[in-house]
Amino acid sequence: MQKSKTAVALLLIAIGMVFASLTSAMVVRRGLGGDWRALPFTALSLGNLLILMASSVALEFARRQKSSGLWWLSCCLGALFLMMQLLVWRDLMSAGFNVATNPSSSFFYLISGLHGTLVLGGLAALATTRAMVATWYWHGMSILWMYLMLLFQWMQ
Amino acid sequence: MKIFSTDHKVIGKQYLTLAFFSVALGIVLSLIMRFHLIRPDAKISWFATLWPVGATGGIMTPELYLSLMSIHGTLMVFFVLSTAPQGGFGNYFLPLQIGAPKMAFPVLSMLSFWTTFLALMALLASFAVEGGAPLSGWTAYPPLSALGQVAGPGQGLGMDCWIVSIALFSIASLMGAINFITTILDMRTEGMNLMRMPLTCWGWFVTAIISLLAFGVLLAAGILLFMDRNLGTSFFIPAGLVVSDQLQNHSGGSPILWQHLFWFFGHPEVYIAILPGMGIVSTVLSVFARKPVFGYRAMVYAMFSIAILGFFVWGHHMFISGMSPYSSIAFSLITLAVGVPSAIKTFNWLGTIWGGKIRFTTSMLFALGFVSVFVSGGLTGLFLGQPAIDLYFHDTYFVVGHFHMIMGVAAIFAIFSAMYFWFPKMYGRMMNDNLGQVHFYLTFIGVYAIFIPMHFLGILGAPRRYADFKELEFLAKSGILQRITTYSAYCTAAAQLLFFGSYFYAKWRGPLATINPWDATTLEWTEPSESNVVNHAPDVYSLPGEEKDFVMQSDQ
Ligand code: HEM
Ligand SMILES: [Cu+2]
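Protein sequences, first through last, are from chains A and B.
Heads up, the first sequence stops at 156 in this note's numbering, and the numbers go up one at a time, no gaps.
Heads up, the second sequence stops at 1556 in this note's numbering, and the numbers go up one at a time, no gaps.
In case anyone wonders, no lab produced these hints; they're calculated from the structure.
Simulated pairs of lysine-lysine, DSBU-like, Cα-Cα distance not exceeding 35 angstroms:
1. B/Lys1002 <-> A/Lys3
2. A/Lys3 <-> B/Lys1009
3. A/Lys3 <-> B/Lys1013
4. A/Lys3 <-> B/Lys1102
5. A/Lys5 <-> B/Lys1425
6. B/Lys1102 <-> A/Lys5
7. B/Lys1102 <-> A/Lys66
8. A/Lys5 <-> B/Lys1013
9. B/Lys1002 <-> A/Lys5
Here chain A is said to cover these stretches of chain B; the calculated rule only asks that three of the stretch's residues, wherever they fall, bring their Cβ under 8 angstroms from a Cβ of chain A:
10. 1168-1180
11. 1213-1219
12. 1233-1241
This structure is a prediction, so every number in the text was calculated from the model and none was measured.
From the three backbone atoms N, C-alpha and C, an ideal C-beta is built for every residue, glycine too.
One chain only, chain A, in its complex shape (with noise of 0.2 angstroms):
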């Protein structure tokens, strides 16, 4: 349907936004003095983004060939995405970077936290519909994932 196409274009806009703010919020932060610290980044984070755009071809195969099977592989590499986050966090606080230690973690877990609600919303859209416009979303949420792992390699 013409609507929903056109209001999850906008969504997407509109979440951009969000990020986009957070994005300049985060290069002034960075600017301002010396007490910007690199995060401890591991394997596990590139793994996590590689598993996030396998579940986004999936999801892509599964709608040109109309496969169930597919479009279920790729709600499991979504979850799974999840809970390999929270693996990240967990690495992150071991290291000794929560919240408030240091403007670079409280982005990460800020942003990636976002991020992370935005997927959750996304599984439940695809747990529930097919409608090509729930793969546009997913799509959406695995480039802005892409963009801010390169936004945190860059801002290191």
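Once you've looked at the hints, dock chain B with the ligands against the given chain A.
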């Protein structure tokens, strides 16, 4: 009437009711503030009853004054000006005017209303929590807003309520924006191409686009502020800050960062408040001048250029916050450039009524009043837009005068104009025009009497957000200005009772309205049974040689 209705008309009325409640409360708060400004030492027993801490013994503390001011501003900017014209009239009339059976997503409309309602409740709850309502105005500048109780009683839980309220409001506005844009893009009836939409619809459309891009920024900023307050982060709080003799345990943040984020939202927000009004006024002027809108396309393009430019001028709120003079000049130039599309609109309004057979209905008077206050307020914007002048005027009553004229009063006039205009459609009855005329003239004179003296106070250097001026020697002789303002405010507020009285009387007892009492052309004035295929522009009036002086959009 179902409470959780998905009917766009019901939702529109719900929004309007919420806005009417908020405006009434906002006015009461402002009257209390105005009273305090002329009688700062007065002992009022019911102050003590209402605010045992803020007004012990009946004498208002500066903190209480600031909290009244903050809730007044937040109510008016968000819950009145960003709610009534868009959520209220927009939900009700957008589908009717474009010939759609309903909004694109009725459930989303319902959700956005009830989220707005929750937001209002969260804001009002701040009066009840420990410490009372927040103190930092509608702009909530850190660092004081980011520190909690130590920065003042209302900066504790009250400030958290404020942030929650604003976050909910942002989410509701985003939902509304998605719904409006989709409705306009995908739900227009046959023949209703974009350039045949009434300018009201363009107003709602452009406003929705601005909301979509702006509210996410406010949401993000609100979350950061919330984290600074509750999770110990330091986004906005610098190191070594001492407040109330206590060293704050934060480091490295910057309050200016908040200002950038806030005003990146905040300036577009002022257009969210005014653009639907511009649309309404354009339509009303053309209906009652019996002439097509002068320069319809120019009006549309002007709205878009205002919207676009509006995203690049936020720095004009921060000239004094310490920015590079080069940025100041850039922001200043873009700010003054907004004057161009604004002037285009103004000239086109004048062009629309020029030579028309004007019918001076109440609705028309308020539309004309809108043009008047918009120009008066716009002129002072040209002063403020220049860094050298703004350094002096910033944070004085001059700014208060400017934005009340151009945003507060102008948008309220548009709401009144819309209310008098659409009342017959909404309730099937007519409001009394004589009462309306009296209401208009009292209000029109009243608002000038309130806000012109504020400009003088500002020129004298009276700072805004002060509870008490009696210690300031250089203002010793300005008491008369304060008194004029306060007494005018009393009278103007009293005049609004006329409106409320007339409104409720008409709703229940008013004479029945005909289907198209104003001889207007747009689709909401057709019989519901008629086809709504559109064949004409929204403003075809006074064709030479025709008996009937208007052509409805759906006429053959
Ligand atoms: C040509 C048009 C305009 C210009 C050049 C202009 C310029 C400015 C400037 C420079 C300020 C900052 C003053 C200061 O804080 O020192 C300001 C404040 C403000 N303006 Fe305008 N303005 C214009 C139109 C508008 C319109 C159309 C609205 C609303 C509908 C508006 C609403 C406001 C508000 C609400 C503030 C005060 C915000 C606050 O500090 O609380 N202005 N304006
Ligand atoms: Cu501005």
